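Asker: Protein sequences, first through last, are from chains A and B.
Here the first sequence stands for residues 1 to 490, numbered as in full-length UniProt numbering.
Here the second sequence stands for residues 1 to 1006, numbered as in full-length UniProt numbering.
A portion of the hints provided could be inaccurate.
What the hints assert, rightly or not - Quick list of in silico lysine-lysine cross-link-like pairs, DSS-like style, CA-CA up to 25 Å:
1. B:Lys896 x B:Lys949
2. B:Lys875 x B:Lys834
3. B:Lys973 x B:Lys812
4. B:Lys863 x B:Lys954
5. A:Lys172 x A:Lys262
6. B:Lys97 x B:Lys304
7. B:Lys834 x A:Lys88
8. A:Lys88 x B:Lys848
9. A:Lys468 x B:Lys976
10. A:Lys269 x B:Lys548
11. B:Lys773 x B:Lys89
12. B:Lys116 x B:Lys127
13. B:Lys234 x B:Lys432
14. B:Lys231 x A:Lys76
15. A:Lys270 x B:Lys848
16. B:Lys743 x B:Lys834
17. B:Lys231 x B:Lys89
18. A:Lys316 x B:Lys548
19. B:Lys743 x B:Lys812
20. A:Lys468 x B:Lys615
21. A:Lys270 x A:Lys222
22. B:Lys116 x B:Lys237
23. A:Lys348 x A:Lys337
24. B:Lys863 x B:Lys743
Claimed, not checked - Chain B side only, calculated, beta carbon under 7 Å to chain A, not exhaustive:
25. Tyr480
26. Thr552
27. Leu556
28. Gln641
29. Val678
30. Pro726
31. Arg732
32. Lys743
33. Gly744
Since the hints were derived computationally from the structure, they do not count as laboratory data.
Just so you know, these numbers come straight off a predicted model, no measurement behind them.
Glycine included, each C-beta is placed from N, C-alpha and C at the ideal position.
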Amino acid sequence: MKLLQQLGLAGALLLSAGCSLQEDPYGFVSQGNFYKTEADANAALIYAYAILPEIEYYSRGFITVTELPTENITLKPDAGAGNFEFDKLAVRADNVDLTTTWRYAYIGVNRANAVIANVPGISNMSETNRNQLVGEAYFLRALHYFNIVRLFGSAPLRTAPVTSLGQTDAAKASIQDIYNLITSDLKQSIALTDLTRRDGRANRVAAWGLLAKVDATLASAKLTGTPGYDFVTDAASLYAEAKTMANSALTATGYGLDANLKDIFDVTKKAGPEHIFDVTVDRTGLSEGNYSKLPLMFIPYIDGATFTLSDGTSVKSGYNHFLTEGALYNSFDPADKRKIDLIPNTVKVGTATRTLGITDYSRPFTRKYLDPQQVGEQTSANTPVLRYSDVLLLYAEACGPTADGYTAINRIRSRAGIAPLTPGLSATAFRDAVIQERSWELCFEANRLFDLRRTHKMEEILVRQYGKTITGDAYYFPIPTREVDLNALL
Amino acid sequence: MRQKILLLWLCAVLAPTLSWAQALTVRGVVRDGASGDGLPGVTVLVKGTTTGTSSQADGSYSITVPSPDAMLTFSFIGYQSWETPVNGKTTIDGNLKVDSKSLEEVVVVGYGSVAKSDLTGSVGTLKGSELNKTPASSVDQLLQGKVAGVQVIVPSGEPGAGATIRIRGSSSINGSNSPLLVVDGFPWGDAGNLKQINPDDIASIEVLKDASSAAIYGSRGANGVILVTTKKGKAGKTSITLSTLNTISTLPSKLDVWSDPVDVAIIDNEARGNAGLPLLYTGQTYLGTYYPSVAELKGTDPSKPKWPYRTYWPDLVYRNAFSQTHTLTANGGNERTKFSVSGNYYREEGLNIGNVYNRYNGRLNLDQKLFDNLSAGVNLIMTHTQRVGGGLSADRNPVFPVYNPDGTYFQIGPRDFGNPIAYQKEVTNTSKGFDVLGTLYVSWDLTKWLNFRTQISDKFGNAVDDNYQPRNITNTGYLYNGFGTINNYNGNEILNENYFTFNKSVGIHSFNAVAGYTTQTFNSRTSYLEGRGFINDVLANQNLGTAKTQYTTNGLSKSLLNSYIGRLNYSLLERYLFTFTGRADGSSKFGANNKWAFFPSAAVAWKLQEEAFMKDIPTISEAKVRLSYGLTGNQGISPYQTLDRLGSARYYTGGDFQTGFGPGTFGYDGYNKIWEGVPNPDLKWETTSQLDAGLDLGFLDQRFTASVDVYYKRTRDLLRQTYITPSSGYDRVWVNDGVIENKGIELGMSAEVLRTPVVQWTVGGNLTVNRNKLISMGTDQFVWNGANIEMLRAPLNAYIVGQPINVFYGYKTNGVIQSTAEGAATGLTGDMAKPGELKYVDLNGDGKVDDNDRTIIGNPNPKFLYSFNTTLRAKGFDLSAQLYGVQGNDVFDFRKFSPSRQLQRWTPDNPTNDFPSVNSNRAYYGSDWFVTDGSFLRVQNLTLGYNFKSNLIKHVETLRIYFSGNNLYTFTKFHKGFDPEVPANGQQYGSYPRPRAFSLGLNIGI
C-alpha cells in the first residue's frame, strides 16, 4: 500500500512537467499577424521598394548585366569570369550574375504581389492612401516584368504572392502575355496614383513615363523586326500612345530639363526637376542596399589616394572595376558637355595633374555615380530609372521627324552644347539618331542594351561597328539553369 | 567475511620457526594496473608467515620481511593476487590486475550504468587518467586517437579553438554532424567545443556508437553520444591532490614564408612582368612607397647603400609560449556524505604574440543520504573563460620594416592594412564567457529493487565579444573612421528528468529497466551593438554611444523538447543478454504535422565464455558476440525554420529610412544573400537506422583483448536546404529528402606484453575504417557545399550522388604548358594558353576547356584512422607513447605555391612540370594541381614519469613528476611547413599552427 502511494506520488511528479510544442514566433512577423493596419500597408509597400537598391539589383547587379555587354564599359583585367561573360557577350545559363538578376526581379514581383493581394483587403485606412499604395505596387510589378521580358523574353508570369511550397513552380508565359500584364499594370497605376513627388517612390508621372517606354519598345521592336515581337500588330498606334504618355509626363508640374548637367547627378540636388523615378539610397544606411557602392565600381584606383576633379570635387580612389570603353568615349562630339563634364579625364593627385587615357588601366570615368561626401565606402548615389531626358527622347522617337520630334531632341543636344540635329531626316534615320542620342545622354544608366535590342541593332552596332563577337542569342539571355532545372512546369 | 577466513587461515598455518633473521623493511606502492591509481587496503603478506599489513589510502605500504629472499604476496578483493620475491630490494611497487571474473568495470550509459561485460551495444570507454597531458582548452580534442570509430579533427592550434568530432562518419548534409555531448547526465549540445570542463576533473568518458546505446537519446542520438562523467567523492579518508602542468610550446616546423628580400623582388618583378604590369622593384617610388631595385637589395648597386631592412616576420609574430594549468582537488566523505570539490586555473598562451586563453573553473559534487532510502545531491560546475587576441599572419614582405622612422606603422602603399604588429598592438579583440551547469537531484529507493530519481538542471551561459578596429590599422577601421562592436550572448537551458530504475533477479532471469519523462527548454538571447565613426580611438569600443552611426540587432531563440524514455535489460542465465530501448521525442522545432517521433532499438549479446563448452578452454576469458539494430534521429536545425516568416528591410524615402515588412527573409550562403521564408509544415527529423555486429574477445584473464565492430548506418529524410524555383521569389527551403549511408569497421586491441612484478609493458591500438556515400538528394544529383571561393571563382566541395560527401570538384591538370604550340593544342585560350601556365585538361575532348571539363578531383574523407599506444612501467618509472595516423585523405592545398616553391617556378630556362610561372594576374581554377595527399602519422604524445615513494616527504602519500611531449613529430609527404591536419572539408589555407608542446607535470596527493 505504501509502495502504491509512493508510486503515485512519483508518477504525479513525472507528469507534472510538459508544455506545448506549439512554436511561437519571436522577432519576426508572419502572414497571420500582418496586413492589418494602414501602417502595415505602408510597410508592405516599403518592403516592395526595398528590393530595388540591393547590391544584386539597381546598386550593382542590374548595371553589370545591362552595361557590360554594350560599348559603354569593359572590365579591369582581373575581374571575375562571370562578369567577363557579359562583357564578351557570351553569357551562359549558369552565370551567377544572370541568375541573381533573374532572382531579384522575381523577388520584386513577389513583394509587389504581396501588396496587390493583401492591401486592398485592409479596410481601416483611407481609400486614397490605399489606392496610392496599390498603384505604386502595380508600377513596381510592371517595372520588374519589363526588366524580365527585355532580358529574358518569355518567362513565368506570377500575379499572386507565393505562400506555400505547392505554388513555387509556374509555366512560361509568352512575351505578348507579359507585355499585356505590364501595360495593364501601368494603366492601373496611372488610375490609382497621384501626381505628388515622393523621393524614391513612383507616382502617376513615373507610370506615364514607363508606359511610354514600354510602348516605344513594342513599336520600335515591331518596326525593326526584333526577334520575338511579331505579335505586335500596330506599331503606329503604340507610338501614338507613347507620345501621349510621354507628353503627359513631360508637361507635369515640377518636372523639366535641368540646365546644368552636373546638377542632375549632384547627390545634394536629388529633388531636381529631371528625376522622375530613382532608386534611392543614403550614405547613413547601415548595410549595402541602404547605401550604394556603385560609384566605386566606376571610380579609378589612383594610388589609393583621394584626388580632385578639375572643378575641385574630391574623390576617393575606387575599385577601378568598370572601365569606360573607347567605343563610347570616342563617339562623342569633342564639344559634348556630356563627355567633357560628365566623363572627366583630368585629375589632380596632390599637386600633380594626371590625365587618364581611354586605354589606360585607370580611365576617364563617369561622374553620374559620385558622392563627394562618401563615408568610408558608403555613398548616397541613387540609381536613376526614369529621367526627364529619357522620356523627352522617347517623345522625340514617338513623334518621329516632325517639328515636335526635332524640338525635343534638339533641347537635349543644345543642353549638351552640340549643334541641332540635321533637319529633314527620314523616319528611320531620325529614329536612329534618337537612339544614338540616347546612347550619349543615358550611357551607364542601364538603357543602351535595351535600346540596341529593341531596335534590332545588336549585330549592326556591337559586331559590325565595334568588332565584338556575340555568342548565343543576342536579344535574350538564356533563362538561368537553376530555374530550368527546378521549375517542373517550365 | 573473507578477511576472517584469511585470519583463521593465518592462525592455522602459523609458521614453525624463523631461521636467523636478517630483517629488512620493504616499502612500495600498490596500484591499479589499469588506471595507475594507488590501491588502499591491499593485504601484503610475507609468504608462509603471518607477517602482514594493509596498504594506505594511496596504495603505499611498508612491511618488515624476515629475510632478503622472502616472497611477498599481494591480494585484494576484485584483483588477481600477485607474488614477488624480495631479492634484497627495499622498494617493491606493484600493479594489481583486475580479476575480470570477479569484478566488472562499470560503464556509464545514458540514464544509468551497466557492467562492462553486460554491455550489449557498442560503447567506447576511456578513463580520465588516460587523456594526454597537454594544454587543451576544449576537452573533446583530447579524444583524438583514443577510441575506435571516433574521428577528432583539430585543424587549428589557436588557444580556445574547438575540434570537429565525428562518430562513424557524417550522416547529415545541412544538419549537425556532431555527436551529442552529455556532461554528468546533462545533454550539453554538439561535441567539439567543451571548454567548460577541466580535464583533471574527468572520471570517465563513454562513447555511445551504435543505435542500441544511443537510442536513449532519441532525436539527438544519430551522430552518436559522448558521455563525460566528472569525479565523485568516495567514503574514506579525505584526499587532497594538486596537479600542475607547465608547458613550453614552439612552432612545430619552419614556416614557408619569404625571408630574403632579393627573392621577393626578383619574383615580384617577374610576376608583374609576366602579367604585363609595370615592375615595382626598380628603385622607384610608387604609391608613396620606395621600391628598391634588385641590385640595391643585393648591395651591388655602387650608387646606393645596401638596403637596410630584412624583416623576418615569423620572429616578430611568433614566440615560444608558456602555458600552465593547476588543479586542486579534495575527495572524501563517509557513509552518508560524499563530496568531490576542485578548482582549476588554466592559462594557455598562443604561439602568436598577444594571444592568450585563460580559464577559471570550479566544481562541486555532493551526495547526502537524508534517510536510509533517500538521498539528495548537487553537481555544480562553474567556468569563466577569457580569450585575448588571435591568429596573425607572418606572410609579409621582408623588404619593408615594421615601423617608420617616426614610430608609426609602415604601410606598403596607402591602403595597406596587413601589418601584423599593428594589428596585434592596436586592435581590441577579446571574448569572455561565464558558464554554470547546476543539477539538484533526489534519489529515492522505493523498494530494494525500485528507485525513483528526479532532478532539475540549469545550464547558463553568457559570452561577450569585444572588438575595436582603429582608423589607421585595419581596412574596416579606415573605412568607418573607427569601428567597434560588442556581441552579447545569453543562453539558458532548463532540464527536468524523472525516471524509475528497476533492478531485480528472479532465478535465472534478471531485469534492469529504466522508464521516465524528461523535458528540456532551450533559450538564447543575443544582442549585437556596432558603432561606426569615432572622434578618436582612445575609448575603443567602451562607449559605442559616441559613434556617429550606431547599429543594433537582437534575437531570441526558444525551443522545447519533451521526451519519454525507456530501456529494458534482460539477462538469461547471465549469458544471454537482451536490451530494448526507446525514446519518444517531441520537439517544437519541427513542423506542425510532425512534432513527435519514436526511436526504438534492440540488442542481443551472447557471452560464450559462460557456456560449458567454452569453460573447457581456459585461455579464453571473454568471448561475447553482440548484435544491435535501431533508429536514432537528428534534429540539428534552428527553431522557426518551419514557420512562414516575413522579412523586414529599410528603404530611404521621405528624407529618412522607412522600415518595411513582407515575404522573404534572408540568410547568407557564404557572401550571397539567400532568400527564405516559405513555410514547410511537414519538416521533421532525420532518421538513422543502424545495424551493428560486434565481437569482444579476451585471453589469459584479459591479458590480451580485442574488440571488433562492423556497422551499417543509413540515414534518411536528410534535413537539407534545397534550392527551389527562383522565380517563386524564394531561393531556399528546408526539406527532408535524401539518404546517406556510412559503413565501417572498428577494431580495438590491447595486450600486456610483459607482466612481471618488475616490468610491465602494454601495447594497444585501434583502427577506424568508415566509408561514406551519398545515396540520394531528392531530385538533385549535384549540390555545391559552400559558396564561391574567391581565389577559384567557384565553390570546391560538392555533394554528388553516389560519392562520399564533400569531394572536390574541378579541373584536371597535366603539368605545365611548355610551348605556345602546346598551349594552343590544349583547348585553352588567351593568357591561359601561354607557356608557363597550368595545362588544364580538355576532359570531354570538345576542343575547349570549360566548366564541362570538371570532374571529381579529390576526396577529403580518410580511408582509415589508426593509433598506437604503449606504456612501459618499471621501478616507479613509466614511459608511454601515443601515435595517431590518418591515411588516404586528399587535401586541397590553397598554399601550394608557397614562397619556396615560387623559387622553383617554371621559366623558359627551367621547364618544370611541377609549378607554373609566377604571374600577378593569374586566375586559378580549382584543379587537381592543388590536391595533395594528406596522410600523416604523428607522434602525438610521449610521457616519461616517476612516482616517488609514499611518505618520502611527510604526509605526502603520492608524488609523481612527469615530462610530457606533444605533437613531437609528424611523418607525412604533405607540403613541408604546413600541417596536414585540416578541416573536414579538406581545405588547407595555412591555419594557426599546432604547437609542439613540452610539459612538466607534478601531482601531489596528501
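Asker: Which of the numbered hints above does this structure break?
Answerer: 1, 2, 4, 5, 6, 9, 11, 13, 14, 15, 16, 17, 19, 20, 21, 22, 26, 28, 31, 32, 33
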